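Can you build the whole structure from these sequences, using the hints too?
Chain order of the listed sequences is H and B.
The first sequence begins at 0 in numbering that gives the first Met the number 0 and counts up by one.
The second sequence begins at 0 in numbering that gives the first Met the number 0 and counts up by one.
These aren't lab readings, by the way, just hints derived from the structure by calculation.
Computed from a predicted model, the values in this text were never measured in an experiment.
Take these hints with a grain of salt, some might be off.
Identical chains blur together in the list; that is why a pair holds if it fits in one copy or across any two.
Each computed DSS-like pair below joins lysine-lysine, with the alpha-carbon atoms no more than 25 Å apart [to be verified]:
hint, residue 1, residue 2
1, K261, K332
2, K147, K26
3, K321, K332
4, K26, K321
5, K118, K47
6, K26, K47
7, K26, K118
8, K118, K147
9, K321, K47
Given next are the chains, with one letter for each unit.
Number of protein chains: 2
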Amino acid sequence: MTKGSQYSHRLDLENGRVEMAHGSGGKAMAQLIDELFLQAFSNPWLDKMNDQACFSLPAGRVVMATDSHVISPLFFPGGDIGSLSVHGTVNDVAMSGAVPKYLSAGFILEEGFALSSLKQLVESMAHAAEAAGVAIVTGDTKVVERGKGDGCFITTTGVGVVPEGLNISGDQVAVGDKILVSGTLGDHGVAIMSLREGLSFETTIESDSQSLQDLVAAMVEVVPDISCMRDPTRGGLAATLNEIAQSAGVGMQIYEAQIPVKPQVSAACEFLGLDPLYVANEGKLIAFCPADQAEQLLAVMREHPKGRDAAIIGDVTEDSLKFVQMETTFGGKRMVDWINGEQLPRIC
Amino acid sequence: MTKGSQYSHRLDLENGRVEMAHGSGGKAMAQLIDELFLQAFSNPWLDKMNDQACFSLPAGRVVMATDSHVISPLFFPGGDIGSLSVHGTVNDVAMSGAVPKYLSAGFILEEGFALSSLKQLVESMAHAAEAAGVAIVTGDTKVVERGKGDGCFITTTGVGVVPEGLNISGDQVAVGDKILVSGTLGDHGVAIMSLREGLSFETTIESDSQSLQDLVAAMVEVVPDISCMRDPTRGGLAATLNEIAQSAGVGMQIYEAQIPVKPQVSAACEFLGLDPLYVANEGKLIAFCPADQAEQLLAVMREHPKGRDAAIIGDVTEDSLKFVQMETTFGGKRMVDWINGEQLPRIC
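The structure is reproduced here in structure tokens:
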């Protein structure tokens, strides 16, 4: 891919830094694209080097999702903003039951950002994309002055195709549905907050950042009647359940004792003053399905490596007030309201 | 769409400011989406409030393009970052000959940004989308701390469908093709630079920011054999021609006397030390087509209100060095090289 001959010397990916010229549309930008982005992402669509990618899709329903990523710090245990930017958007596409296919990536870089870090992030994106079975087919790079950005922001957009027969959407959730979760909650948010606060525990808490398209494919194959899936990112389980309760016009009842949380995450949450219900996840999903298919769905999830800790955690109830309530481990009841204020800024 | 009842009071869109909580996934973010984004962009796909949009596409070739927008200042004569973020991506999609259909929008907001400005930008996006015949079907909002962003960055991604029979791509350009431009060059970049430098001329120079999907539709209907189209944004005509010369493995010869530039843009360029060939445009396109169809294509372009000043400006030549050369108005020849350094930072 590299047309090395047209540049006077190669980009210094070890000691170089992002300069304003890398976003100006001239030769420096072309070189950054040639020697970094095309090297890492190479695929037949991107390699055409048009300002857009062209691909064929079968007739039918197409899904599109986008996420801007501004996580701080950029590198963390279990991932970095590069892999996260792929996982986040792949998961948003997959939550509709769709098979994610193509991604775009828009970079907003701060002048002075180390090219070696950018290279690491771009390679991490490439690996994450390969693992998720998607191609990064088009992109854009902009540079802002020092102090007008924060190293690297990445906005990805994904496109996928919905298999016939699925109708998975927030408004499909019905009274009587069971609520399932694919694994332990709070890992991502607690990993980031521990890092920011400089906490160390006996074992490092790692982000759960991962793509879920393969788990989803296994789930919809066996239980195509899934009403809704959602990945509980910012705002955690609490925000996700409240959003769906609003859009479906239902209430929800969850059971604290059934909600999987790792002991060290639980301990860190206590230390940090966080509630795992409100903490972001980046590799878990919530699913709703008719009660009579819940056990079957749970079995499929548990068979999959990304759903080993799956659990049925609650029921959809009739409630004109659309409240989400939780039966605590002590047998009491509490409201699971949306958080009002900022809990975890820049967590994704 | 507004579910006003669930918030204690309405968002203060007159005097309020962006807070970290607006990006945290809780109630404040839901309210911003409900009372601002959904109000402005409302359409059946977005209104479903899933984390992804689902729509039907006919079988065939689909095009995807993305652009991150970081222009400074956010408001300028002839447009703002909102309308620009729609035009930029619609045009990238349209340059393949595709009909743009759906857009996503990712916002990265700086803490403290005025909600009144955000409202203005969002409404401007909505108008631009309506004029371009596209729907903004999904989105994302992130907030970064004061001093870690610059008011508002917007990344849009567009999806469109390519009509049967078109094959418009940089690598289709062939020796002998004519090069056409749809109108005057340099308006956008000069408008922004004049504003930044606090220059005032007898008449205000306005950005040419506009969507070109209707001009493109008229062009491909009459001359489906167009080899390539490109909108000469960052880096201007010079960067665009050099990029295409590289990817098609050809040379180019253009004629200065044929290149349309407004007299006041030309004067401002001289004053600012800019060369209109290198200045960004946001509402113009370059087209390549077989020589025997160039006059017909020119006629179609001139009939269209967005192509009134169209001109044939050059020829594709055989050149193993892939040089772009220009015959000057004085009859001399000069190389039109890529710019190396930063010319106009944050122009889009």
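Numbers of unmet hints, in rising order: none
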